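Trainee: Here is how the chains run, residue by residue.
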Amino acid sequence: MRETWDSFEAGLRGLHTHDADPGRVERIRARCLAALALERQRERARRSRFTAWRIWLEPAVACGLSALYLVAAFSSSLALLR
Amino acid sequence: MEREIELRLVARLKAGEAAAFETAYDAFRPRLYSFLVRMSCRRDVAEDLLEETWLRLVARARDLDDDTCLGAWLFTVARNLFTSWCRHRAVDEERIADLTPAWPAAVAGETPFEAAARTETERRLEVALARLPLHDREVMLLVGVEGFTPSEAAALLGLSPEAVRKRLQRARERLAVAMYEEGAPSQAKAG
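Line by line, the protein sequences are chains A and B. At position 75 of the first sequence (counting the first as 1) the number is 75 in the numbering used here, and the numbers step up by one without a gap. At position 41 of the second sequence (counting the first as 1) the number is 1041 in the numbering used here, and the numbers step up by one without a gap.
Everything labelled a hint here was simulated from the structure, so no lab data went into it. Bear in mind that the values here come from a model prediction, so they are computed numbers and not experimental data. Any given hint could turn out to be false.
[Claimed, not checked] To spell it out: a stretch of chain A is covered by chain B in this simulated footprint if at least three of its residues, at any positions, have a beta carbon under 8 Å from a beta carbon of chain B; those stretches are: (1) 15-26; (2) 60-71.
[Unchecked claim] One-sided excerpt, in silico: chain B residues whose CB lies under 7 Å from chain A: (3) V1058; (4) T1121; (5) G1158.
Ideal Cβ placement from N, Cα and C applies to all residues, glycine included.
Here chain A stands alone, though its shape is the one from the complex (with noise of 0.2 Å):
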């Protein structure tokens, strides 16, 4: 062999960098900035959405857990008084 491994290194980590053509970069740049845009767009409905379900389920799930907590005590009270 003419060239010794280190001198084969040394030329990987010089090789040249290439990139895409820059009208294809912008164009792909353009894409994910508008796919981004519309994931934020979804994630604030998302939020909104669970923000409204939050204000109606809240109340009734508390609601709820707390009649069972005093069916529970009630009836418990009863069987201790028979």
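Chain B: place on chain A using the hints.
Mentor: Frame of chain A, contents of chain B only:
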């Protein structure tokens, strides 16, 4: 890219910041493209896979872990996309010639002799790399060109570090042989 800067970039990407995407895109795009073009030996395929890689990042940015190594993540996605592409199409060795327009112009400040020598060495390296079997080429590109450690490359390729070291050793030997073969005919002609 420094680790701290990279972690901040990941946090901003997770928050959906467009500026963070632009920073990552400008920092990693040429490296990813170089990796893909050397793996596929085709510019059109490399550009398609590059686009898909970045779209994956945008789609999955919110799910990234806080300590994600962004470079390794992007290279893993690019490599997996390339593997999928290979499953659909066999790589044609004759397309190595397509790399020719990708070779760089001379660097300013070089003498014509230096430029010619550098370009000749680069040409031989590029052709020798393109001749390596895919498994050897990817490990050589990741460790030799991109500067990942064998352990990082192992995580990226889903292999054990020992397997990567063995593959790297084999790739080095094959690259040396390919370099010698690539240089031999022109030197024989010159002699």
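Trainee: Next step is simple, just say for each hint if it's right about the structure.
Mentor: Each hint tested on the structure:
1. Counting residues of the stretch 15-26 of chain A whose CB lies closer than 8 Å to any CB of chain B gives 9, which reaches the minimum of 3, so the coverage claim holds.
2. As drawn, the stretch 60-71 of chain A meets chain B at 0 residues by the rule of a beta-carbon pair under 8 Å; below three, the given contact is violated.
3. For V1058 of chain B, the interface hint holds, since its Cβ comes within 7 Å of a Cβ in chain A; the closest pair sits about 5 Å apart.
4. Because the smallest distance between the Cβ of T1121 of chain B and any Cβ of chain A comes to about 6 Å, under 7 Å, the interface hint for this residue holds.
5. For G1158 of chain B, the shortest C-beta to C-beta distance to chain A is roughly 23 Å, which exceeds 7 Å, and the interface hint is violated.
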